[in-house]
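J.: The primary structure of each chain is shown beneath.
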Amino acid sequence: MNEPWAAVVVYLAVASSVGALMLAANRVFRVRAKDVPDTRAMTYECGEEPAGNSWLRFHPRYYVVALVFVLFDVEVIFLVPWALNLRALGGFSMVEMLVFALVLLLGWAYALRKGALKWQ
Amino acid sequence: MGHLIANAWLRGLVHGALLITVLMTAVAWISWFERKFAARVQSRLGPTMVGPAGLLQPIADAFKMFQKEDIIPRGADSLLFRLAPPLTLFLSLATAAVLPIMPGMLASDLDIGVLYALAFSGLLAFPIWVAGWSSANKYALLGGMRMVAQGISYEIPMVLCALVPVVVTGSLSLSEIVKYQAAHHWLVFWPPGIGVIAFVLFFTTALAESNRIPFDIPEAESELVAGPTTEYTAIRFGLFASAEYAHSVVSCALASALFLGGWDGPVLPPSVWMLLKTAALFVIVTWVRWSLLRLRSDQLMALCWKYLVPVSLALVLGAGAWVYVVG
Numbered sequence: 001m002n003e004p005w006a007a008v009v010v011y012l013a014v015a016s017s018v019g020a021l022m023l024a025a026n027r028v029f030r031v032r033a034k035d036v037p038d039t040r041a042m043t044y045e046c047g048e049e050p051a052g053n054s055w056l057r058f059h060p061r062y063y064v065v066a067l068v069f070v071l072f073d074v075e076v077i078f079l080v081p082w083a084l085n086l087r088a089l090g091g092f093s094m095v096e097m098l099v100f101a102l103v104l105l106l107g108w109a110y111a112l113r114k115g116a117l118k119w120q
Numbered sequence: 001m002g003h004l005i006a007n008a009w010l011r012g013l014v015h016g017a018l019l020i021t022v023l024m025t026a027v028a029w030i031s032w033f034e035r036k037f038a039a040r041v042q043s044r045l046g047p048t049m050v051g052p053a054g055l056l057q058p059i060a061d062a063f064k065m066f067q068k069e070d071i072i073p074r075g076a077d078s079l080l081f082r083l084a085p086p087l088t089l090f091l092s093l094a095t096a097a098v099l100p101i102m103p104g105m106l107a108s109d110l111d112i113g114v115l116y117a118l119a120f121s122g123l124l125a126f127p128i129w130v131a132g133w134s135s136a137n138k139y140a141l142l143g144g145m146r147m148v149a150q151g152i153s154y155e156i157p158m159v160l161c162a163l164v165p166v167v168v169t170g171s172l173s174l175s176e177i178v179k180y181q182a183a184h185h186w187l188v189f190w191p192p193g194i195g196v197i198a199f200v201l202f203f204t205t206a207l208a209e210s211n212r213i214p215f216d217i218p219e220a221e222s223e224l225v226a227g228p229t230t231e232y233t234a235i236r237f238g239l240f241a242s243a244e245y246a247h248s249v250v251s252c253a254l255a256s257a258l259f260l261g262g263w264d265g266p267v268l269p270p271s272v273w274m275l276l277k278t279a280a281l282f283v284i285v286t287w288v289r290w291s292l293l294r295l296r297s298d299q300l301m302a303l304c305w306k307y308l309v310p311v312s313l314a315l316v317l318g319a320g321a322w323v324y325v326v327g
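Top to bottom, those sequences are chains A and B.
Note that our numbering numbers the first sequence so that position 80 is 80, with each residue one more than the last.
Note that our numbering numbers the second sequence so that position 322 is 322, with each residue one more than the last.
Keep in mind that the hints are not guaranteed to be accurate.
[Unchecked claim] Covered stretches of chain A, as calculated for chain B (at least 3 residues, CB under 8 Å):
no. : stretch
1   : 3–9
2   : 20–27
3   : 96–104
[Unchecked claim] Below, in silico cross-link-like pairs of lysine-lysine (DSS-like), each with a Cα-Cα straight-line distance of 27 Å or less:
no. : chain 1 : residue 1 : chain 2 : residue 2
4   : B       : K36       : B       : K64
5   : B       : K68       : A       : K34
6   : B       : K68       : A       : K114
7   : B       : K36       : B       : K68
8   : B       : K306      : A       : K118
9   : A       : K34       : B       : K64
Source of the hints: derived by calculation from the structure; they are not laboratory data.
Ideal placement from N, C-alpha and C gives every residue a C-beta, glycine not left out.
In isolation and in its complexed conformation, chain A is listed as follows (with noise of 0.2 Å):
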């Protein structure tokens, strides 16, 4: 059972050296400049000198969209084991899921109807 989960593992460990190699070749070849001027370092904002703080505060319309995406997150895991075992549940359970979909499409359409899903 364990077995493609191994396959999985070294896969990955394989993945992830691509990028590590590739930063050091970046390390091996790349240029240092001997006087690095001030504005090297200043962060690209179009040729304005930026200004303040970068790590602002975010208008909430992103922080809604994160709510209403936990909520249909957990709806469609509800929705895989249902995927896989239709055939042996048999039609009881394929009105179950229409209840449960319409049960969730009553919220998706409050939050359409409350403006959580408009983006202004």
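Since the structure of chain A is already known, use the hints to place chain B on it.
T.: Same frame as chain A, but now just chain B:
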């Protein structure tokens, strides 16, 4: 299981090394292909100087990026800033572990392959957000926030559309799904109507997940400089670029395995069919990129939440009803 290599550790190593080498090489020349394609669309020539028809351009680009100075901006979160690019590439390569290239040839035949691929694909939004946040640049942060908002929103219809093949085949293993398609119907045609809509929506959301035009709001270069990658130089920038291409290619391969029958096809060997389908889908991706305009943020969100989510939910239920009625 019928793998070509019986030992799991060895299989992971050999297939991993092989698949990743092929992927990274493909990514390099895909950048050449895309530039040539864009040039053709815009009546230009594209790269011509390095090698015949500019074919050696990717090698020159790679060496250029290896040589460039490595700059970490003042005020940046140094550790996260340096961690984000390799993490992005790692996640986009990790998805490919469950892709069946031909019968018996895939790094790992996970029984939850579809979930594994979608999970890694969904995680990809976060290292890009980390890059945007740790750069200490306002444009980068804006791009990062857009990336997360778009990534998590489009993940929902993407997973729902990927569930349509799962409902029909009753399996989460990608190799089982491809085997079902070889034995019965390609899932783009089956269930009739539902399959093709699910395929088109999956492909669209995959475009959005890999932020290609028309969904490239996170790095909209005319408003955000280069989005989350603005502050990156040298190979760190190259890692982001190759991760984006790798993710596009892997998404195309995933779409062809889920809906277009994977390695199934007449005459030609299976691995060639898999390659051909993936390449064909990638040509469409490139074509879309150089033909369409960028969507606005609000249009992007409205498209996802108002249309894609309910439609894809209906698709899954429709496929379920089809399985129940027809079998």
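J.: Each hint should be assessed against the structure and marked as holding or not.
T.: Do the hints match the structure? See the list:
no.	hint	in the structure
1	3–9	holds (count 7)
2	20–27	holds (count 6)
3	96–104	holds (count 4)
4	B/K36 x B/K64	holds (20 Å)
5	B/K68 x A/K34	holds (14 Å)
6	B/K68 x A/K114	violated (51 Å)
7	B/K36 x B/K68	holds (25 Å)
8	B/K306 x A/K118	holds (9 Å)
9	A/K34 x B/K64	holds (19 Å)
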